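On the provided structure of chain A, position chain B as indicated by the hints.
Number of protein chains: 2
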Amino acid sequence: MTVSNVKAGPRNEAGISAVLGILKQAFGERFQTGQSFREQHAHTATGLKSQLPDGVVFVESAEDVKAVVKVCAEHRVPLVPFGTGSSLEGQVNAPSGGISVDFTRMNRILAVNAEDLDCTVEPGVTREQLNEYLRDTGLFFPIDPGANASIGGMASTRASGTNAVRYGTMKDNVLAVTAVLANGEEIRTGRRARKSSAGYDLTRLFVGAEGTLGALTSITLKLQGIPELIGGGVCAFPDVKSACDAVIMTIQMGIPVARIELLDDIQVRACNAYSGLTLPEKPTLFLEFHGTADTVPLQADQFRDIAMEFGAEDFVWTSDPVERAKLWKARHNAYWASRALAPQLDGFSTDACVPISRLAECVAETQADILEHGLLAPIVGHAGDGNFHTLLLYDGKDPKEVEKVEAFVERLVHRAIAMDGTCTGEHGVGQGKAAYMDEEVGPALDTMRAIKTALDPQNIFNPGKIFPQD
Amino acid sequence: MTVSNVKAGPRNEAGISAVLGILKQAFGERFQTGQSFREQHAHTATGLKSQLPDGVVFVESAEDVKAVVKVCAEHRVPLVPFGTGSSLEGQVNAPSGGISVDFTRMNRILAVNAEDLDCTVEPGVTREQLNEYLRDTGLFFPIDPGANASIGGMASTRASGTNAVRYGTMKDNVLAVTAVLANGEEIRTGRRARKSSAGYDLTRLFVGAEGTLGALTSITLKLQGIPELIGGGVCAFPDVKSACDAVIMTIQMGIPVARIELLDDIQVRACNAYSGLTLPEKPTLFLEFHGTADTVPLQADQFRDIAMEFGAEDFVWTSDPVERAKLWKARHNAYWASRALAPQLDGFSTDACVPISRLAECVAETQADILEHGLLAPIVGHAGDGNFHTLLLYDGKDPKEVEKVEAFVERLVHRAIAMDGTCTGEHGVGQGKAAYMDEEVGPALDTMRAIKTALDPQNIFNPGKIFPQD
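Sequence order for the protein chains is A and B.
Using the UniProt record's numbering, you'd call the opening residue of the first sequence number 1 and step up by one each time.
Using the UniProt record's numbering, you'd call the opening residue of the second sequence number 1 and step up by one each time.
Since the hints were made in silico from the structure, they are not lab data.
Incorrect hints may appear among the rest.
Put simply, identical chains are the same to the list, so a pair is met inside one copy or across any two.
With a Cα cut of at most 35 Å, we get these calculated DSBU-like pairs of lysine-lysine [stated by the list, open to error]:
| no. | residue 1 | residue 2 |
| --- | --- | --- |
| 1 | K329 | K222 |
| 2 | K222 | K66 |
| 3 | K397 | K24 |
| 4 | K326 | K241 |
| 5 | K222 | K404 |
Computed from a predicted model, the values in this text were never measured in an experiment.
So here's chain A without its partners, still in its complex pose (with noise of 0.2 Å):
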């Protein structure tokens, strides 16, 4: 039950109508209940079905937040944060309804250190926004999950993406959080500093907690200088296990690839059709170096060496701006390219994490595991972090091809995990692989659990996430 639907929590009635009055009076316009704005607020991007709040606050301030928390706490009414809504797992939905909380107004940026290489912004400000305001530092925030996410949803999902392998992924990338929590108090996780080793990590605590521990009021991130040149190059090879051994040798050489995406032969042939491209149909890498003029050019040779050993016929790469941009259109549309296989079907991102030694092996028993059950699930995959998508096109109205689905994606976290890997390499747990987490984690969930109830011990903040629900 985690492609379609996940079972409604229970619903605190007189609490939700004491709230609904409360914040209508508090928040006038600034406080929704109309359908489209309920239905908007649960969409999930994924097969999962939306499960609406009762209401949507748009909140403006820690102020905002604290007020809201309190009313909420007061009530034991759930309370949802949320960003853009481009999260995959559930995050955003309410099965226990009560309030959401728009964080689209909280979207200044509240200081940039330039000489300090770090920046503090609302939750709402998006990456995208973040780095256009940045563009004239000459810095820029290097994490790129693909969907012009929140930094405040980012945070909370421990996101990654496309260049993690060089910049590490939000853990790695967050200096400090102000959090309202349960109680209604306003932490600071952390300072300016660098590095520090004064007591708990409350930081990392908060970043990939999916807003059940609090809610953030804003994010200090450590920034990157926009490298002096960036190349770009893609590189065909004859099989998947030719192109992951490559990845390998790059990664263990020490080689500061910024970017090295594995598309397989399925995703090459949905890109060609989409984006207009005649790229060989066949498993390819994607590569960026970020660098000087001397260096970039060092690490692409270094490359091609590597790749040539594996069996790659040439490494073609460019540092000019528009042809880079071309050729990584495919990868950019990746998504898109393949839902255009079938326009008429649903999709559903599959999100598997291994030890890169064991990503040929999974790759290659989840191809043949598509195969063998007749699915189309063109794959994708952050290949220097042993991270993979698969994105199954299927129908969400067929209750046959949304149990092999179902059955499909177990198989693929029974196989992740048993390499010793996580079902979740960057999309969070959500309501989506929350069923999974036992078997991930084991008696660590208790640890969490216990974390849980000692932040938010009434259970408001985004419940029925992370943990298995009954």
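Chain B only, in chain A's frame:
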């Protein structure tokens, strides 16, 4: 009261007496209560007075750890994990007595996964032991806090050291741990996949927890490829500000220095005398570059340009291992060189860390403070991280000197915190910095307390550390 002395905590005499009997029975020769064993296990490597445990148990397996935890939990008796005793803030003291759990016999390297650049070790493995073991694999573990500390201790204090600027701190290099909790259960906090979004980041919670949440039983670490070439050099500047400005520029330009260490003029003088060198007695940066025959010279040249811009006369570097070792010898011996300035005196190391834009200012103000108060205190810093140590030399038997040192430390801590920095960049809180936690983390301290209480309700794990005592 942070430099010389800390309060004793309450003692549970009946419980301690019961536990001593049970552990003697269960562990025989592996449980010791003699004075010399107890003294060795409470040596704090600072001015803080020793607070002895009542007994020392030498554990050899996770099963041993579970057994000890169960006995201690049943009788509400503290247990204090002990690695090599090189911590600097009284982390191994036993203010309420109890059992020191010595991990030196849990020193097996359990697995090295060369293809995945990771390994799993028991907590008692030291970093030198690990690197010795890894040598033939072409890999190394980069974190170097100076002392030959245990990996368990390094994880627990969130250690870093000279090359954190390139490779990060323990927070960035621990993939997962196993830990025995207060309930006697062992959990595993993560898997070997490079990234994961599977729930709360318990790995980072145990890294830096100083043994207050549980006892580590294994640590899975990231490894790095040994660089093809290492270059090292030394560069004198006219003043501290120029040296710091060169560091800021180096970091901003994205030059991937592996080490960039600041020594002030007094420290250089001490090093010259101690190591038989003739370095100009000016503020000096020690650098190391990791890369290839192509990239190391590029990095060194880029740095030279920056250094000249900020008033350095020249920058000499070498890739010859013997010459490099000689140059770096001064840095490696800095602590002992400082102590040799006045061998009859005690030494106390501070650990402030500020955003690098504030480093020059913080160091300059601290130097002025040292001068104004007639203190002897060379400065050495991990400049790329904004972290610096002053080694105060004072007579620990003279209450007036102790008071003077205390007052200086307090001013330094306030200064660092006021600059959005921390009182502890890498040494941890222990007992020595507990008094500053409230000032530094504010209401987040209550959140830390709530987590501590949730995971260790009887406060048996390393009590009296991190949290300020009444």
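Here's how the hints hold up against the structure:
| no. | hint | in the structure |
| --- | --- | --- |
| 1 | K329 to K222 | both (27 Å within a copy, 33 Å between copies) |
| 2 | K222 to K66 | within (26 Å within a copy, 40 Å between copies) |
| 3 | K397 to K24 | neither (37 Å within a copy, 67 Å between copies) |
| 4 | K326 to K241 | within (26 Å within a copy, 46 Å between copies) |
| 5 | K222 to K404 | neither (42 Å within a copy, 38 Å between copies) |
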